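Asks: Each chain, letter by letter, is given below.
Protein chains: 2
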Amino acid sequence: MRALPATDAADAQTPRIPLADPSPAAPEGFHPKAFAGEVIPFRVVAFREGHDRIGVHLRLRTPNHVESLHRLVPLEDGTDRWQVDVALDETNAWTFRFEAFADEFATWTHAAEVKIAAGVDVAVMQALGVQLLTRASNDKERPKPERKHLARTAETLASATAEQALAIAADEELAALFRDRPLTSLDSATGWQTILVERTLAGAAAWYEFFPRSEGAKRNEDGTIASGTFATAAERLPGVAAMGFDVLYLPPIHPIGRLNRKGPNNTLTAGPSDPGSPWAVGAAKGGHDAVHPDLGTLADFRAFVKEAEAQGLEVALDLALQAAPDHPWVAAHPEWFTELPDGTIAYAENPPKKYQDIYPLNFDRDPVGLYTEVLRVVEHWISQGVRIFRVDNPHTKPLRFWEWLIRTVNTKHPDVIFLAEAFTRPAPMRGLAAVGFQQSYSYFTWRNTKAELEEFLLSVSQETADYMRPNLFVNTPDILTEYLQFGGPGAYRIRAAIAATGAPLYGVYAGYELMENVARPGSEENVDNEKYEYKLRDWAKAEEEGRSLAPYLTRLNEIRRAHPALRQLRNLRLHWSDDDAILVFSKHLDAPFTGTDASDTIIVIANVDPHSVRQTTVHLDTLAWGVEPGTAFEVEDLVTGSVWTWTDHNFVRLDAFTEPVHILHVKGQR
Amino acid sequence: MRALPATDAADAQTPRIPLADPSPAAPEGFHPKAFAGEVIPFRVVAFREGHDRIGVHLRLRTPNHVESLHRLVPLEDGTDRWQVDVALDETNAWTFRFEAFADEFATWTHAAEVKIAAGVDVAVMQALGVQLLTRASNDKERPKPERKHLARTAETLASATAEQALAIAADEELAALFRDRPLTSLDSATGWQTILVERTLAGAAAWYEFFPRSEGAKRNEDGTIASGTFATAAERLPGVAAMGFDVLYLPPIHPIGRLNRKGPNNTLTAGPSDPGSPWAVGAAKGGHDAVHPDLGTLADFRAFVKEAEAQGLEVALDLALQAAPDHPWVAAHPEWFTELPDGTIAYAENPPKKYQDIYPLNFDRDPVGLYTEVLRVVEHWISQGVRIFRVDNPHTKPLRFWEWLIRTVNTKHPDVIFLAEAFTRPAPMRGLAAVGFQQSYSYFTWRNTKAELEEFLLSVSQETADYMRPNLFVNTPDILTEYLQFGGPGAYRIRAAIAATGAPLYGVYAGYELMENVARPGSEENVDNEKYEYKLRDWAKAEEEGRSLAPYLTRLNEIRRAHPALRQLRNLRLHWSDDDAILVFSKHLDAPFTGTDASDTIIVIANVDPHSVRQTTVHLDTLAWGVEPGTAFEVEDLVTGSVWTWTDHNFVRLDAFTEPVHILHVKGQR
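So the sequence lines, in the order shown, correspond to chains F and E.
Residues in the first sequence are numbered consecutively from 2, following my numbering.
Residues in the second sequence are numbered consecutively from 2, following my numbering.
FYI, nobody ran anything at the bench for these hints, they're computed from the structure.
Identical chains share a label here; the pair holds if one copy fits it or two copies do between them.
Below, simulated EDC-like cross-link-like pairs (lysine to aspartate or glutamate); rule was C-alpha separation at most 20 Å, straight line:
1) K354 - D53
2) K354 - E114
3) K413 - D12
4) K668 - D591
5) K668 - E629
6) K355 - E114
7) K355 - D53
8) K145 - E174
9) K286 - D301
Computed from a prediction, not measured in an experiment: that's the story for all the values here.
Please take these sequences and the hints and turn them into a complete structure.
Replies: Spelled out as structure tokens, the structure:
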């Protein structure tokens, strides 16, 4: 073959059939992520010049190099995008590429049907068809009977009448033979891409946060409080497990600094019996690898983890990389902190404000020493049975450090999960997710109106889902939004229902059940913040008196467990209502991915105005779950048990003072 | 230094200060483009953990490897984006990268100002300042007097009162020394990127299209028409030049097929004196490298090009890669076409419709042969003085072919420009631009309402501007939109004014001046389409009788030439009006880029409803051109000469029957 006239770059990079924008994809060359069982929409832009038909395949390799081929379907929305959904079941690195090809038989059937019907080029179309069928019949990789059938069809077509030829071009069975094994030419491909599949809990879990020192804490006769211990906290495990949570997250369990310890409500001086903030890590008794003596011993901690496991709960530990002034690191490794010209160590600050109970770490003075020490701490807790870390303020440490730490840990322990507790601007939050964090806190707490929630849910389920998994905490010790402060019980139900159904990861901090809604004046956090004191709560009594949201949370978690559609992130779709406070979304999963014979569809309709009773019409894009518009179908309210016959336009009435949210299951689906 | 614990990837890819999303950038790894004189916003996302200040530099290398450093400014819009505008003057490949660093002096001044004022850490802040000033004074690359000044300031600071120290921290002159040459640490960088700078005409030009056979064509006594020639067409050149156009584009000038020639209005049979469509290229007299005998000889063509040049017009030739059935290629190279089983060659078709005057090329049967032949044709016309090609229907040929052709031609002839005449879906249109086309036809003709135009203008000036340059043709021989058919003279003014000011590239097909607005019934093109017949137009008489838009087009082109802001693509900004038919946008260029001492700002206000007189209030974001909201400034209407005093809110009245568009120049700007 002759060569083309030479250019600087000898060849063109565009494949013969252009392929662009392959996804899933992550920014800056990082790998996109999935979790075991996640249904991933594999998408690519593919087109060709002219009218001939193309086909697109996804070639997928499991971590064990088992290859499979999946045919994509054109979205036909003018974007030239093609898609196929695949559930990735095995953890570890999968690879994939897209392959496009001229689909010669599809091109022929399309032209033949139109032209033969119009009496144009009948003989030519027959001859072209015979060529294709003969070529296919010679393909030694096809089963023998199929090859015979193709050869016979070629013969028939050669001498067919126009009517018979038309029937062959329109034959569904014949078309199926070519769909499974197309006659291709102009074969083109993208480069190979990688997608990291992590364990299911990385992507789908209900979290619960409690302070072990509060669970089982008791008031002494002198008015002081005796700390709870791992042993007393273990007594609360059945209650948390019964609510249906999957992960129990503990704030730092290490010795708490005595120097400059904060008192109740973040006051500057602590009394002798004030326990201090667990995030002021380290004291004479030890640092990040030690257990607070009030809670027990390392052995007690291991027993607690084991007991939690027995109850179906995984324990997540806090990783707060900062030190109280009396942390052992300070004396032993001043080079891990910022030293000032006067020989002191710099406090955490937001000039001119200073936080004198905390020294921030300086990652640039002895990076090797400090990186190695943090890795040692993480490995230490892994050896105690911990597999999940909730990382405090990761955005105040170098992104580069996290990339290194998470990759290093996951290389040895691929099942370890890191949750980024970063509340900051989008770029650093997305950066943390891209470099490796398995989960991320999100803006959810501050997205309360219908418009805000619509934008938020679309953003996390579509825009960033390839690399960022939002964990929708409804509250934290530091976040009690005005919506909750002033929204009454309705607000607590609304937020819990949307968090539990809007994303496969959500979280609740203890006290939410009791609708603790009194803020420290002028702040966005609970008064008498548990960070600085013990909390004595009587869970059982609250339930008895009907003052607890625990039954509602339990029901939400039951619904999540029963409905696989709710344990996916990317399958969210917004619908419409005529009321600016009625939010409508659905989550749908096709039958092949539900583990049953039926597809699973949940419709969530929430009145997000907690002070109102609203009625309106909701408009559903029922095609999202395969129901033709105008067709009636049955829905069951999974909270109340009511059953209604619905179509694509339905009246709803949502009373924020009783049941502000419908969680509807579409019944009778295949 | 100790090594970090090993991982599979020994190091992290994130730089110490994260840098992301560098732009300009093009999709799929292609290079972004600019034109000589284009002002490029170089942008990058950069942030760091914590509160310390960072700085960002653009390091830029000209094609001749001259390096310069440009300081970026944070946009401070919550996106962590930084930007600096640079005009790229030299053609060819530039390279650039972004560099981020901890800006230690800026961190110090910020903290010192806040803390010293609050009486916190005064001594420590002074000592830190002395350290920094001393370090800077030891920098041997600073001029001696500067080093002395820094050393003296360090001494002063060492023994200063708090008040004096505060003054030093706030000293603007001192800050300037560090802005020019910051004290950096944690230096980080992106990889090197490439941007291709093409000649100015690739990005800024007014195009005019005429059929040379019509210019100077004369009606014979028998009613037939004698074709115009290059010689008679040359007589029209002064008229086109006087209107201020830069590029004169000619439809194909080659022999036209006789076999199955189309007649008037695309009818199937041509009469003996019907000239046929120039896009049916090739006949016995020659193919793509020949000149139609009616027009003259190759020498006549060269003379025409030369004469155009003398008038300030560059000639653009059509490259229509298809063949009439009697094109010489057909007999000599049947392998460049699709041969059917019956031995015939396949016509162009949209089944069951056939276009029997055209054979499409098949690029897959003998790619080397056909690619080489097209390259030969292009080189042939380049040798005749052509430097611009308007490519007909490029989306019906392989993208890969265009990538190869354009790169091959531009490697030898970097000044050659290709305009893609593709009207199809966004993905292939963007693909053509990404692989190398210097210019692209756009959706402009079909964007007529205010909302459509706003979306369109934002899309082309922001979203795709890094690699796609839209040429806003107001009409073509194939496009006479309903807006023009029924909008009257107002419509013609509106569309011309928006095209000429909305983008630096726009185009007009002859006849627009005469507001030829009668369509072939049921179609979107002129009746008696010039593609199939000669057009006899009396330009002079129309002007004499005041029936011509030529004076308006002339004025538009004068305004474009006088205002460099209009010869940029990316500087468009939308503003607001209270009327849904009053479109408002501005184009601004800072003083350093105008070639004068003053910045240049144009505000365009168009009533896009051609059947109305509208009055409303327009609301301007005057900060876009450095004017504080509420401040009065003078504007001159460049069409009528009226001068008004405006502020950020102004009354306008636009009469579609007289002057539907204000093109305002902001006067008295620095």
